[in-house]
Amino acid sequence: MRKFKEFIIEKLVLLCGFASIIFVGLIFLFLLREGLALFKTAGPFNFLFGKNWYPISEPAQLGILPLILGSLLVTVGAAVISIPIGVGCAIYIAEIAPIKIKEMLKAGIELLAAIPSVVLGFIGMVTLVPLVKNIFHLPTGLTALSGSIMLAFMAMPTIVSVAEDALYSVPKNYKEGAFALGATHWQTIWRVELPAASSGILAAIMLGIGRVIGETMAVMMITGNAAVIPHSILAPVRTLTATIAAEMGEAVVGSEHYFALFAIGIALFVISFAINVTADLFLHRDE
Amino acid sequence: MAKIITKNLNLWYFGFHALKKINSSFEANRITAIIGPSGCGKSTLLRVFNRMNDLIEGVRTEGEVLADGENILGQKTDLVALRKKIGMVFQRPNPFPLSIYENIVFGEKIHADGITRDKLDEIVKRSLEDVLLWDELKDRLNQPALRLSLEQKQRLCIARLIAVKPDVLLMDEPCSTLDPQGTQRVEELMRELKNKYTIIIVTHNMQQAARVSDDTGFMLLGELIEFGKTQEIFTAPRDKRTEDYITGRYG
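The listed protein sequences derive, respectively, from chains A and B. Quick note, the first sequence lines up with residues 10 to 296 if you use the numbering used here. Quick note, the second sequence lines up with residues 71 to 321 if you use the numbering used here.
With the rest of the complex left out, here is chain A (with noise of 0.2 Å):
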């Protein structure tokens, strides 16, 4: 009896521990099926190159380049300004700050990360994108720029907590070392610290960047949805995330329009896997 207890809860932990990449199978799977079916009528490259979205047109036009594009902008725009923030805050919290100012700083953090993204998007709406309306004078606020640097605050906490983690962990005996040839505070941080910490740091970096192109909820509110090829950054984007969540709901099921829903899907997973790869392979370099 004993024996055929360990071996039912040996068994139901194994099960516990496949779960996860059994669901991973079956989403990824159905994500193929679905997507795929594209593909029986339209090209592939026709489909991530060509110029327009137009789903709903006769016929179909589905070129999810603009989309592409608008994720694109939005993402390096959100990582140009989160990334020297970013960094610069887990520096402060991990080398600089008293540790008063740290802990206040790391719970802030922490706050900032549980902030759900549609509060952040509607925030964004009502703050900031009148504000870069009046300051671009532009007929709309809802731009790249604002989704942006709204997205900015969504990838800091991750970028902070994990640098700060790669810069604390370096030995505390290459600190000693630099300090003792002389070298000043920021000499230490910049030659010795940074370097020993720089994949923990690109990690966090791609990490933050994963974060960003997943997002929906705040760039939907906020870009302006235009799925047209964005000239600037003051102009209106929509995303891949937000194309499938605003027009999931009224594609019919079946359709061509459906497939290639489930088609910038797979687009979009193959994009998060290729920089959560990276960000691995930073992480575990040095093993």
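None of these hints come from the bench; they were simulated from the model. Treat the hints with caution; some may be incorrect.
Only some residues are given here: those of chain A computed to face chain B with a beta carbon under 8 Å [unchecked claim]:
| id | residue |
| --- | --- |
| 1 | 182 |
| 2 | 185 |
| 3 | 193 |
No farther apart than 25 Å at their CA atoms in a straight line, the calculated lysine-lysine pairs in the BS3-like style are these [as the list claims (entries may be wrong)]:
| id | chain 1 | residue 1 | chain 2 | residue 2 |
| --- | --- | --- | --- | --- |
| 4 | B | 195 | B | 155 |
| 5 | B | 155 | B | 235 |
| 6 | B | 299 | B | 91 |
| 7 | B | 179 | A | 184 |
| 8 | B | 179 | A | 181 |
| 9 | B | 179 | B | 235 |
| 10 | B | 90 | B | 146 |
| 11 | A | 184 | B | 235 |
| 12 | B | 146 | A | 184 |
| 13 | B | 155 | A | 181 |
| 14 | A | 184 | B | 155 |
Counterexamples of contact, computed for chain B against chain A with all Cβ distances above 10 Å [unchecked claim]:
| id | residue |
| --- | --- |
| 15 | 72 |
| 16 | 94 |
| 17 | 171 |
| 18 | 187 |
| 19 | 188 |
| 20 | 222 |
| 21 | 255 |
| 22 | 258 |
| 23 | 263 |
| 24 | 265 |
| 25 | 277 |
| 26 | 297 |
| 27 | 309 |
The structure displayed is predicted, hence computed values, not measured ones. C-beta: ideal position from N, C-alpha, C; glycine also.
Given chain A, put chain B in place with the hints provided.
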């Protein structure tokens, strides 16, 4: 000639009185060993000389430490200049996670701008020659320093230090992670370096102190019990506690 003199040096770590009224004098071009059981304050004393204790919160010092006649404990002391003059080798070899070459030119790069590549090459060669590593490493200067053996790492740390031309080398148990052969070679190196530098070594290994040092100080519970010629300390200690320690009654 006395290179470093301490006068009534006291140090507290929060409430703990870690160094008690230390009066000592470290001579130039000699190796002085500081021995004593763990926790006696010998490393703390060493770290006073390049103000490394500043990195630790809650440390307060009193008294005077004169290096070349100048008190280095003042608020106004230029720590960069001090640490350039008085360098330190640590217990665990701590080369930076950079190439061998970059490790050695690290000091030069932070202290002077725009040095030519030729000058740096020369510094690397000279420093590695001084620690007898040049022949071993000259073909792999761009490899990561972390791949070296422990002993090579420790020598590299010494090379990195003498590249900035200090006067004094502080060594905090520099051989404690090395095997006997590595220890022997680092000790030989110390004897060789003695002509150019003032060396102060902290060690819990009494045999090592007896082998390499000219002068020895014995510390116990934050006090400097006895300080003098190594030979006298080891053959005719004046204090009962020194004798007990040296003969292995505790420690």
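Going through the hints against the structure:
1. Hint on residue 182 of chain A holds. Least Cβ distance to chain B is approximately 4 Å, under the 8 Å limit.
2. The interface hint given for residue 185 of chain A is met, as the beta carbon of that residue sits about 6 Å from the closest beta carbon of chain B, less than 8 Å.
3. Annotation: residue 193 of chain A was flagged as interfacial toward chain B, and the flag holds, the nearest CB pair being 6 Å apart, inside 8 Å.
4. The straight-line distance between the Cα atoms of residue 195 of chain B and residue 155 of chain B is roughly 21 Å, inside the 25 Å bound, and the hint therefore holds.
5. Proximity of residue 155 of chain B to residue 235 of chain B is assessed by CA-CA distance (about 7 Å); at most 25 Å being required, the pair is judged to hold.
6. For the proposed pair residue 299 of chain B and residue 91 of chain B, the alpha carbon gap of about 20 Å is at most 25 Å, so the pair holds.
7. With a C-alpha separation of about 16 Å, the suggested pair residue 179 of chain B and residue 184 of chain A falls inside the 25 Å cut-off, and the hint holds.
8. With a CA separation close to 21 Å, the supplied pair residue 179 of chain B and residue 181 of chain A stays within the 25 Å bound.
9. Of the pairs offered as hints, the one joining residue 179 of chain B and residue 235 of chain B holds, with about 13 Å between alpha carbons and a cut-off of 25 Å not exceeded.
10. Only pairs whose Cα atoms come within 25 Å are accepted, and residue 90 of chain B paired with residue 146 of chain B is accepted, the gap being roughly 24 Å.
11. As the CA atoms of residue 184 of chain A and residue 235 of chain B are separated by approximately 20 Å, the hinted pair is consistent with the 25 Å bound.
12. For the hint linking residue 146 of chain B to residue 184 of chain A, the alpha-carbon distance of about 23 Å falls within 25 Å, and the restraint holds.
13. Distance restraint check for residue 155 of chain B and residue 181 of chain A: the Cα-Cα separation of roughly 22 Å lies within the 25 Å cut-off, and the hinted pair is therefore satisfied.
14. For a cut-off of 25 Å, the pair hint linking residue 184 of chain A to residue 155 of chain B stands: about 18 Å separates their Cα positions.
15. Remark: the non-interface label on residue 72 of chain B is consistent with the geometry, its nearest Cβ contact in chain A lying 23 Å away (cut-off 10 Å).
16. The non-interface label for residue 94 of chain B is consistent with chain A: the shortest C-beta to C-beta separation is roughly 21 Å, beyond 10 Å.
17. Once the 10 Å rule is applied to beta carbons, residue 171 of chain B is consistent with being away from chain A; the minimum gap is 14 Å.
18. The beta carbon of residue 187 of chain B sits about 18 Å from the closest Cβ of chain A, which is more than 10 Å, so the claim that it is off the interface holds.
19. With a least beta-carbon separation of about 22 Å from chain A, residue 188 of chain B lies farther than 10 Å from that chain, consistent with its non-interface assignment.
20. At roughly 16 Å, the least C-beta separation between residue 222 of chain B and chain A is larger than 10 Å, which holds for a residue marked as non-interface.
21. Once the 10 Å rule is applied to beta carbons, residue 255 of chain B is consistent with being away from chain A; the minimum gap is 21 Å.
22. At roughly 23 Å, the least C-beta separation between residue 258 of chain B and chain A is larger than 10 Å, which holds for a residue marked as non-interface.
23. The claim that residue 263 of chain B is not at the interface with chain A holds, since no C-beta of that chain comes within 10 Å of its own (minimum 17 Å).
24. Residue-level check passed: residue 265 of chain B sits 22 Å from the nearest beta carbon of chain A, beyond 10 Å.
25. Non-interface call for residue 277 of chain B relative to chain A: holds, since the shortest CB-CB distance, roughly 26 Å, exceeds 10 Å.
26. Listed as a non-interface residue, residue 297 of chain B keeps its Cβ farther than 10 Å from every Cβ of chain A; the least gap is roughly 25 Å.
27. The claim that residue 309 of chain B is not at the interface with chain A holds, since no C-beta of that chain comes within 10 Å of its own (minimum 32 Å).
Hint compliance for this structure: no hint is broken.
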